[in-house]
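Produce the complete structure using the sequences and hints provided.
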Amino acid sequence: RKEVEQDPGPFNVPEGATVAFNCTYSNSASQSFFWYRQDCRKEPKLLMSVYSSGNEDGRFTAQLNRASQYISLLIRDSKLSDSATYLCVVHRTGGFKTIFGAGTRLFVKA
Amino acid sequence: DGGITQSPKYLFRKEGQNVTLSCEQNLNHDAMYWYRQDPGQGLRLIYYSQIVNDFQKGDIAEGYSVSREKKESFPLTVTSAQKNPTAFYLCASSIGTGNQPQHFGDGTRLSIL
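These protein sequences, in sequence, are chains G and B. Here the first sequence stands for residues 1 to 110, numbered as in my numbering. Here the second sequence stands for residues 1001 to 1113, numbered as in my numbering.
Hints may be right or wrong, so weigh each one.
To be verified - Below, a list of computed lysine-lysine pairs in the BS3-like style, where the Cα atoms sit at most 30 angstroms apart:
(1) G:2 with G:42
(2) B:1009 with B:1071
(3) B:1009 with G:45
(4) B:1009 with G:97
(5) B:1070 with G:42
(6) G:97 with B:1070
(7) B:1057 with G:2
(8) G:79 with B:1014
(9) G:97 with G:42
(10) G:2 with B:1083
(11) G:42 with B:1083
(12) G:42 with B:1014
(13) G:42 with G:109
(14) G:45 with B:1071
(15) B:1009 with B:1057
(16) B:1070 with G:45
(17) G:45 with G:79
(18) B:1070 with B:1009
(19) G:45 with G:97
(20) B:1057 with G:97
(21) G:97 with B:1083
(22) B:1014 with G:97
(23) G:42 with B:1057
(24) B:1057 with B:1083
(25) G:97 with G:2
(26) B:1009 with G:42
(27) B:1057 with G:45
(28) B:1014 with B:1083
(29) B:1070 with B:1057
Claimed, not checked - Covered stretches of chain G, as calculated for chain B (at least 3 residues, CB under 8 angstroms):
(30) 18-26
(31) 55-69
(32) 97-108
Everything labelled a hint here was simulated from the structure, so no lab data went into it. Note that beta-carbon positions come from the ideal geometry of N, C-alpha and C, so glycine has one too.
Shown next as structure tokens:
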């Protein structure tokens, strides 16, 4: 079992839809969590950090559930420009370790 | 503008040849990293460095070497011992290796001739 798992998708949604991705992690020592966005053949870019209390940035909301060991990303009012792969990233201490999920592909259609 | 610069964008390697990928950052970050990404897969850590003149192996270090002689530079050499080097190579940096997010360069695509 991978330490960080994501549904690879693809998620195909119409413009204006709300879409949610989950990411599960298996190591309870995980300390910090991030969502990155990666466009085709480009580098990953930080979308947002995920805080214990949950956090929002415009149309994007991230949640952390430590008890069930998953993080989520909710995108409201999807835009065509949201089409990308979303990477879940988990960092744990105790022998530096940052683990990237394989990503969830999102296609937003007109 | 501060950022991370990788060069070249595309690189072709002949059999038995060593090639070096450049990574420079002007963000004054202490930590730097090299990752490899294969199609449809997540990033895998090759090497990382927390401070100048120090670096550690990641999960897939075999066939690669690095140096960190300057804070702003972390070049990666893909040696002839790396039998499957075709991939997208990403360099990243962060303020430290704690809970801070990493920021990436725009990558180098390496292919075998």
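Which hint numbers doesn't this structure obey? 8, 22, 30, 31
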